[in-house]
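J.: Each chain is listed here by its residues.
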Amino acid sequence: MSGEIAILGVGMHPWGKWGRNFVEYGVAAAREALADAGVPWRDVGFVSGGATMRCGYPGYVAGATFAQALGWQGAEVNTSYAACASGSQALAAARAKILSGQADVALVVGADTTPKGFLAPAKGERPDDPDWLRFRIGITNPTYFALYARRRMEAYGDTPEDFARVKVKNAEHGFTNPRARYRKKFTMEDVAASAMVADPLRLMDVCATSDGGAALIVSSLDYAKRIGKGDAPRIAAISTVTPTFASAIIEMPDLATDSAVAVPAKSFRAALPAKAYEEAGIGPEDIDVAEVYDLSTALELDWIEDLRLCGRGEAAGLLRDGATRIGGRIPVNPSGGLACFGEAVPAQALAQVCELAWQLRGQSGDRQVEGAKVGITANQGLFGHGSSVIVKR
Amino acid sequence: MAPVVDGLFAMGDDGLALLGSRCTACGTYYFPKLETFCRNPDCASEGFESVRLSRTGKLWSFTDACYTPPAPYVAADPFVPYAIAAVELEREQMIVLGQVVDGVGVKDLRAGMEMELVPGTLLDSGEAGEKATWKWRPVAGGAR
Ligand SMILES: [Zn+2]
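If you read the protein sequences in the order shown, they are chains A and B.
Just so you know, numbering that gives the first Met the number 0 puts the end of the first sequence at 392, numbered straight through with nothing missing.
Just so you know, numbering that gives the first Met the number 0 puts the end of the second sequence at 143, numbered straight through with nothing missing.
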């Protein structure tokens, strides 16, 4: 298909709480991706950065910040901010530049340094700010994840043990991933013994924030062929659609959903992969491996259904049968997912694509999904941002 | 007692209700009130009327908050867990969140239960020590 670009190289700085400047992580990831691609830095014509809002002005202009750190060489730069989908938006900008013929090779990079402790709203009395308002009445981020999780229990009969199974599976997947932050084979008992945060979710059901950096070198298919990488994995679709009114699910930081009086309620999460499938001209039956945004364990089950890898309410059954494990019918989060990484916002959507590239190249070692040819990512953040990327080989 | 935030709810003859708005062109409801531009993509209306939202609805989902939220929440010391409910309003076709009355937690709740709004209080750092809010309560003998 003419809308495709090649992934020549990928790189990631390990996730953790390193407490260093975010630029270090981004540059480390970019250098690894450049070396992996075998592309000289001076050949990169476009640098597309995912912004971070937590690291001052250099974070707002992340594309330029990384380009300068790698050594200004006259490339054009771009910075994208789209909450958790920032990395995918940066990737979409690079794809547009390449497909329009304005650049042959692009570096896409995102990195973050996160503060210690829980995220809290800005100080002061600000009743007009929905984020302030919901914290004032005691509604935290885990509240929303818990409402989704409890809904699964009530509607489909999922259990807290099912949610713990997601954690145990992802912990096994990520155990040997050198870039993962948490590498321990947690058990059902470990999860059950962790503190209850927002019933039914315990501390080990909810993902942490992390430092980390991820980068991709992408190019036109012509360029890839010229350097002997015509068989590199390709980006077949990037979906970054907004929700469609009326959004059916209560979303952070709102106190209410849209009202569906005038137009029917629609699922935002389901819309993201739907557009990606359409763009790639494939369907869920073609998917070999998926990386999904498990901000909570239960949310991984929602994503599996939103990706239409099974019917509504069937994801826990898939999990219990072992279908979503490596070696199963449709492995989900072979990287270990956010359960093993924690979330480094502007890098996370790119990390998902890095994992798919390694999987499709057969370079994932102990966590390799045998014969993987097509992979999909899914991710969602605040304020109508989300993404789904399809990679194939 | 002063409300935790002005204009979100009010007492009436039938009890406490949340205060929302309704687009005068397409009928879409909003909570909190929206009075600028209707968000329905097929509606360009800028006309809204204030409405009292339905006082009752069906429980969609719920959770117990088990650790102390950050400020601006003012927590009891030691922390007392509380439940949060997401309730579907039939007429408005929307889901609204709120704390659940004291003493009712996940063990007492089931999706589909009939819930009603009642006055409640939140701790406050001001002189009065408390402010008024809305809370959800299962309707006595309410059917699932
Ligand atoms: Zn309208």
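Don't read these hints as lab results, they were simulated from the structure.
It cannot be assumed that every hint is accurate.
Claimed, not checked - Which chain B residues face chain A? A few, computed with CB under 10 Å, are given here:
| # | residue |
| --- | --- |
| 1 | F36 |
| 2 | P68 |
| 3 | P77 |
| 4 | M93 |
| 5 | W133 |
| 6 | P137 |
| 7 | A139 |
Unchecked claim - Beta-carbon label-pair distances, calculated as ranges:
| # | chain 1 | residue 1 | chain 2 | residue 2 | range |
| --- | --- | --- | --- | --- | --- |
| 8 | A | D130 | B | G26 | 48 to 54 Å |
| 9 | B | M10 | A | R319 | 47 to 53 Å |
| 10 | B | E48 | A | R182 | 21 to 27 Å |
| 11 | B | G125 | A | R307 | 24 to 30 Å |
| 12 | B | G125 | A | L202 | 29 to 35 Å |
| 13 | B | G125 | A | D320 | 33 to 39 Å |
Unchecked claim - Here are the computed lysine-lysine pairs in the DSS-like style, where the Cα-Cα straight-line distance is at most 27 Å:
| # | chain 1 | residue 1 | chain 2 | residue 2 |
| --- | --- | --- | --- | --- |
| 14 | B | K130 | B | K32 |
| 15 | B | K32 | B | K57 |
| 16 | A | K265 | B | K32 |
| 17 | B | K130 | A | K265 |
| 18 | B | K32 | A | K122 |
| 19 | A | K115 | A | K183 |
| 20 | A | K16 | A | K122 |
| 21 | A | K274 | A | K115 |
| 22 | A | K122 | B | K130 |
| 23 | A | K224 | A | K115 |
| 24 | A | K183 | A | K16 |
| 25 | A | K228 | A | K372 |
A virtual CB, placed ideally from N, CA and C, is assigned to each residue, including glycine.
J.: All the hints need checking, so say for each whether the structure fits it.
T.: Against the structure, the hints come out as follows:
no.	hint	verdict
1	F36	violated (12 Å)
2	P68	holds (5 Å)
3	P77	violated (15 Å)
4	M93	holds (4 Å)
5	W133	holds (9 Å)
6	P137	violated (15 Å)
7	A139	violated (21 Å)
8	A/D130 to B/G26: 48 to 54 Å	violated (28 Å)
9	B/M10 to A/R319: 47 to 53 Å	holds (49 Å)
10	B/E48 to A/R182: 21 to 27 Å	violated (57 Å)
11	B/G125 to A/R307: 24 to 30 Å	violated (51 Å)
12	B/G125 to A/L202: 29 to 35 Å	holds (33 Å)
13	B/G125 to A/D320: 33 to 39 Å	violated (55 Å)
14	B/K130 to B/K32	holds (21 Å)
15	B/K32 to B/K57	holds (22 Å)
16	A/K265 to B/K32	holds (22 Å)
17	B/K130 to A/K265	violated (36 Å)
18	B/K32 to A/K122	holds (24 Å)
19	A/K115 to A/K183	holds (22 Å)
20	A/K16 to A/K122	holds (25 Å)
21	A/K274 to A/K115	violated (36 Å)
22	A/K122 to B/K130	holds (19 Å)
23	A/K224 to A/K115	violated (45 Å)
24	A/K183 to A/K16	holds (16 Å)
25	A/K228 to A/K372	holds (16 Å)
In summary, the structure is inconsistent with hints 1, 3, 6, 7, 8, 10, 11, 13, 17, 21, 23 from the numbered list given earlier, while agreeing with the others.
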